[in-house]
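J.: Letter by letter, the chains look like this.
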Amino acid sequence: MNYSETISFNTKGEIEIVNVTDNVARIVKKSGIKNGIGCVFVPGSTGAITTIEYEPGLLQDLPEALERLFPKNIEYRHHETWHDGNGHSHVRASVIGPGLTVPIKNGNLTLGTWQQIVFVELDVRKRKREIIVQIIGE
Amino acid sequence: MNYSETISFNTKGEIEIVNVTDNVARIVKKSGIKNGIGCVFVPGSTGAITTIEYEPGLLQDLPEALERLFPKNIEYRHHETWHDGNGHSHVRASVIGPGLTVPIKNGNLTLGTWQQIVFVELDVRKRKREIIVQIIGE
Amino acid sequence: MNYSETISFNTKGEIEIVNVTDNVARIVKKSGIKNGIGCVFVPGSTGAITTIEYEPGLLQDLPEALERLFPKNIEYRHHETWHDGNGHSHVRASVIGPGLTVPIKNGNLTLGTWQQIVFVELDVRKRKREIIVQIIGE
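Protein chains in written order, with numbering that gives the first Met the number 0: chain A, 0 to 137; chain B, 0 to 137; chain C, 0 to 137.
Hints in this document: simulated from the structure, not taken from any laboratory.
Note that beta-carbon positions come from the ideal geometry of N, C-alpha and C, so glycine has one too.
Accuracy of the hints is not assured; some may be wrong.
Claimed, not checked - What follows is a set of in silico ranges between Cβ atoms, one per label pair, in the way DEER data are often shown: (1) B:LYS125 / C:GLU79: 22 to 30 angstroms; (2) A:GLU79 / C:LYS125: 25 to 33 angstroms; (3) A:ASP83 / B:MET0: 25 to 33 angstroms; (4) A:HIS78 / C:ASN18: 18 to 26 angstroms; (5) B:ASN105 / A:GLY84: 45 to 53 angstroms; (6) B:GLU137 / A:GLY31: 16 to 24 angstroms; (7) A:ASP83 / C:ASN18: 27 to 35 angstroms.
If we strip away everything but chain A, and leave its shape as in the complex, we get (with noise of 0.2 angstroms):
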């Protein structure tokens, strides 16, 4: 059996993390699908797929990470070809991942107690945001 679903939302730009463990979960009950997979994507090459505790802290913690690794302000080639001046969101999302693969068991996703599945808004600008939920199992 497979089923899928579209969860949609819009961010504020960046660094919006978005906590969609919820709407994952319900995808899963609605799918009756009681084990297997549930596969999380975001088409785009600006955002990311990941896990976190969702607790505020961390939200900081995150992008103040990224900006070091990452930083925004050196000179990125993206930006001769496009001028959108968000080189270091692609090279971030490229690293983290665009999509997360996490195991169902008895109707459950098996996530820890405070294991959030996240949306990372990389972008530097408002992105209306359409990611992919696909489960897969019996």
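Guided by the hints, dock chains B and C onto chain A, whose structure is given.
T.: Relative to chain A, chains B and C alone:
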């Protein structure tokens, strides 16, 4: 068809890299699934799953790289919430990622000769870990 | 249903970014699977799979970011084991990750308009690479 099992072990704390390849391969065999995928996932937000050539040099190089990129002794806001001193563990885990999906062909994981599936303990203390392995296919 | 194929190519060495999107899309079509997932994986521990907007600027920006984060010319213990000078390649590969899972809807990968699936050659020398594509669904 789908089949699931949990791998349990204790870690010694920061940074232990646990080779779970043989455990995952054994679960693939037990599943009877010949062609499909194996999804390996850690419930929890201070551990990660990836692959590496499991040799003593790299078991030091990866931790040293993580310490350069996400130093332990800088300020993390996460500490204001929990005072558990593992802000860097969480950020590292979000960037590496909590899971991995590997194709299965003829009953075998399609890993490279030297490529091993590992759990990376990023937390600062000893943990009891349970890794979920979900096999899907035919 | 499930279907698998291998994509083979030669790389020129560090850091070549190979766009495999059309190959993966063709394998999805050939599979006849309309809804499900596609898992793209590199056997080997010095290459990575991710997505990126495949334009000349970013093809320089990603390598430059990796060199800033994981410099080639610092000490790696891996060299003491093998003397092959690619310790940085291994560490980069473990952080980016060896695989990617993408949802399939109506026979198409759910990629963004500018988002391409790429193999990143992180090794220091030319390699013959085989990428596994496993399609699962209905």
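J.: Determine for every hint whether it applies to the structure shown.
T.: Quick rundown of the hints versus the structure:
1. Our hint of 22 to 30 angstroms for LYS125 (chain B) and GLU79 (chain C) holds, since their Cβ atoms are close to 29 angstroms apart.
2. Taking 25 to 33 angstroms as the suggested C-beta distance range, the pair GLU79 (chain A) and LYS125 (chain C) conforms, at roughly 29 angstroms.
3. The given range of 25 to 33 angstroms is broken by ASP83 (chain A) and MET0 (chain B), whose C-beta atoms sit roughly 46 angstroms from each other.
4. In this structure the hint that HIS78 (chain A) and ASN18 (chain C) lie 18 to 26 angstroms apart at CB holds, the actual value being about 21 angstroms.
5. A hinted range of 45 to 53 angstroms for the beta carbons of ASN105 (chain B) and GLY84 (chain A) is consistent with their spacing of about 49 angstroms.
6. Taking the beta carbon of each, GLU137 (chain B) and GLY31 (chain A) are about 21 angstroms apart, inside 16 to 24 angstroms as hinted.
7. Checked against the hint of 27 to 35 angstroms, the pair ASP83 (chain A) and ASN18 (chain C) fails, with Cβ atoms roughly 21 angstroms apart.
Hint violations for this structure: numbers 3, 7, all remaining hints satisfied.
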